[in-house]
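Peer 1: If you read the sequences in order, they're chains E and Z.
When you line the first sequence up against my numbering, it's residues 1 to 401, in that order.
When you line the second sequence up against my numbering, it's residues 1 to 401, in that order.
Incorrect hints may appear among the rest.
List time: in silico DSSO-like cross-link candidates among lysine-lysine, alpha-carbon distance up to 30 Å [unchecked claim]:
(1) E:LYS53 - Z:LYS336
(2) E:LYS193 - E:LYS241
(3) E:LYS221 - E:LYS241
(4) E:LYS53 - Z:LYS241
(5) Z:LYS336 - Z:LYS185
(6) E:LYS14 - Z:LYS53
(7) Z:LYS193 - Z:LYS241
(8) E:LYS53 - E:LYS185
(9) Z:LYS14 - E:LYS14
No lab work stands behind these hints: they were computed from the structure.
Quantities reported herein were computed from a predicted structural model and do not represent experimental measurements.
Now for the letters of each chain:
Protein chains: 2
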Amino acid sequence: MALIVQKFGGTSVKDRTRIFNVARIVMDTRNAGNDVVVVVSAQGDTTDDLIAKAGEISINPSQREMDMLLATGEQISISLLAMALQELGVPAISLTGWQAGFVTDRAYTKARIKRLDTERVESELARNRVVVVAGFQGLNRSEDVTTLGRGGSDTSAVALAAALHADRCQIFTDVEGVFTADPRKIRKARKLKEITFDEMLELATSGAQVLNNRSVELAKKYNVELEVISSINPVPGTVVKEEADMEGMLIKGVAKDTNVAVISILGVPDVPGMSFKVFSLLGQRNINVDIILQSSGQDGHKDLIFTVPRDDGDNAVSILNTNSARFGGGKIILRKNIAKVSIVGAGMQSHAGVAATMFEALAAQNINIHMISTSEIKISVIIDEKQADRAVEAIHDAFIH
Amino acid sequence: MALIVQKFGGTSVKDRTRIFNVARIVMDTRNAGNDVVVVVSAQGDTTDDLIAKAGEISINPSQREMDMLLATGEQISISLLAMALQELGVPAISLTGWQAGFVTDRAYTKARIKRLDTERVESELARNRVVVVAGFQGLNRSEDVTTLGRGGSDTSAVALAAALHADRCQIFTDVEGVFTADPRKIRKARKLKEITFDEMLELATSGAQVLNNRSVELAKKYNVELEVISSINPVPGTVVKEEADMEGMLIKGVAKDTNVAVISILGVPDVPGMSFKVFSLLGQRNINVDIILQSSGQDGHKDLIFTVPRDDGDNAVSILNTNSARFGGGKIILRKNIAKVSIVGAGMQSHAGVAATMFEALAAQNINIHMISTSEIKISVIIDEKQADRAVEAIHDAFIH
Chain E
1 MALIVQKFGG TSVKDRTRIF NVARIVMDTR NAGNDVVVVV SAQGDTTDDL
51 IAKAGEISIN PSQREMDMLL ATGEQISISL LAMALQELGV PAISLTGWQA
101 GFVTDRAYTK ARIKRLDTER VESELARNRV VVVAGFQGLN RSEDVTTLGR
151 GGSDTSAVAL AAALHADRCQ IFTDVEGVFT ADPRKIRKAR KLKEITFDEM
201 LELATSGAQV LNNRSVELAK KYNVELEVIS SINPVPGTVV KEEADMEGML
251 IKGVAKDTNV AVISILGVPD VPGMSFKVFS LLGQRNINVD IILQSSGQDG
301 HKDLIFTVPR DDGDNAVSIL NTNSARFGGG KIILRKNIAK VSIVGAGMQS
351 HAGVAATMFE ALAAQNINIH MISTSEIKIS VIIDEKQADR AVEAIHDAFI
401 H
Chain Z
1 MALIVQKFGG TSVKDRTRIF NVARIVMDTR NAGNDVVVVV SAQGDTTDDL
51 IAKAGEISIN PSQREMDMLL ATGEQISISL LAMALQELGV PAISLTGWQA
101 GFVTDRAYTK ARIKRLDTER VESELARNRV VVVAGFQGLN RSEDVTTLGR
151 GGSDTSAVAL AAALHADRCQ IFTDVEGVFT ADPRKIRKAR KLKEITFDEM
201 LELATSGAQV LNNRSVELAK KYNVELEVIS SINPVPGTVV KEEADMEGML
251 IKGVAKDTNV AVISILGVPD VPGMSFKVFS LLGQRNINVD IILQSSGQDG
301 HKDLIFTVPR DDGDNAVSIL NTNSARFGGG KIILRKNIAK VSIVGAGMQS
351 HAGVAATMFE ALAAQNINIH MISTSEIKIS VIIDEKQADR AVEAIHDAFI
401 H
């Protein structure tokens, strides 16, 4: 007998039909001889509706009161799902985040889990019940309700699986698993049977939005085997784990990220400390710099070129302009119509020529590469946005047959 | 500086406008130098909407899960009201029933308060905050959410006022106070400045639905001064307390109750134990018998005539018919088209002729009295329903000038 944690998002429990669909998946898992803990999010648009209600009262409501308000969304879902399970004859009980033992820090709206007291969950499992837990929420040391931020239910599920030493944590979504590329755009995209935590993390930061990154980090830390699986068609999905079967694949995925902008600072004095001045300015404002390129110095000057999230582009440029005297007063240029295309795969560590194959595929399409960045299991290129979809397809064709 | 508990019902917080209206009442109370604890119900139709959601899942949902579901209604209200108070510059914090220390028994959907741990509420008051508490809810010893049943927010407010030794508990409603008769029907109906707990209880059981009876009983038990007051027009309302100013009034109110039916059992053997047999049968089915009349026995037989809530009339008659052999097999007659009209007033204890004045007023209108019941502070008569409004007006005219 195994213990399985199953997590269902808001769309999966948005109405009566979907709630019973979830209840039947849980029932089947239980009837197969497993103990089941279920984590659910708020129904459909509930969270957005609650945010709108608060917006009518204040444009900047207290974060503590926001968490008090938003936590009701999951509380509604868990009680309805527990009722549906009981209706199907499955003994079940719902538990809020605080009842399930989630103790968090004080950071309202983006709290981090500090501790998980699983006593209540374990005693309900011992009573042979399916335990339905509210995701996304916890309680801080002052006994005030906190929420974990968007995507927090994934984190709740992984944390429960880790604390309970569950055999598997299944994340049910609207897609059937992790694909080698976006299956809505790339016809030949293939569902992966397995992928490593590191590959999943690199894919997520490269624009593939299947799993919340924080939950993958947590799963890696506690070695919790994840499965990404569809709640509509629950055939086996993609398993995310420490060591994945290579399946003869050099790369696991091609991802596109368009939330990227390139900033160039021309004529920066080529003396020590200049880069630090620039990037510490941006770091203080919580602007993440991703790829950095530095031209070789001429005449005692160099050019500094780097990417930031496109949303932060204007803000970054205005900060840099205000302080430009500190790094030579050179011209600052912002380019938004670009995209980052990445390939990810643990296999590339031991295979030469992966980068060459990628660049060759782009060259054959006449796609110009502006910047390149590599890690052990990822290669990213910055290209023009309008060529990005074509680039993804060409690279996918070159690697995945 | 006084400590005031203010309770607002669902209609009073149903939307943005009404929430800010409540927030301003609370702010004014605080600016007048008082500490304020606010108890709120769920917004408008929220509770009914949640009940409908559960109804889609199950026709007989688990009561524990119902309470988990329904408790979200008040949690939404408290957070929104706390935000509105903060928006007006009033420091405020919301607390759920369990955060506010409501410990109840295990009776889901109709729990009773066992204990109130006011530590958190007091510490928030000490920090100079308005404390906004979710009415209607608590936590049982298993740390599961319970609700107190309909009207439970009034009870929450009175319990808080008692435990905190508040100077007053104000129950805000849609009416301006307690009237000598229903002001929508009796033009000369007068708002009472004061009324005793006992009078209020008798009025409530006589059909006047201003305050939840359980909350008045609790207020009487702990001697909590209540004020019934309008949230739309918060001029002084009616104060309910142990000893009320007589205001020169013999009676405090005339009430009509149409949820009454009369059952007659003819030819019951005039031997000991017969009444017990009849009424224990009904008691076992939770049918409350109110007024009882017994004809003097003739030929060894008597007639038994009594009232029950009209909703229970058919059910009562079918139970009696099934068992009629046990009390002589006599004919059982049900009459539904009747009403109970009552006058209530502590003043009648020391004044002779109150009943006479009431009966005279009815006689002058040619209204026939079927049954009479009296207590120390109440006289009720059973008359034909179609004459009830005229009766209330005639009696009101006779006593209240």
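Peer 1: To test your reading of the hints: which numbers does this structure violate?
Peer 2: 1, 4, 8
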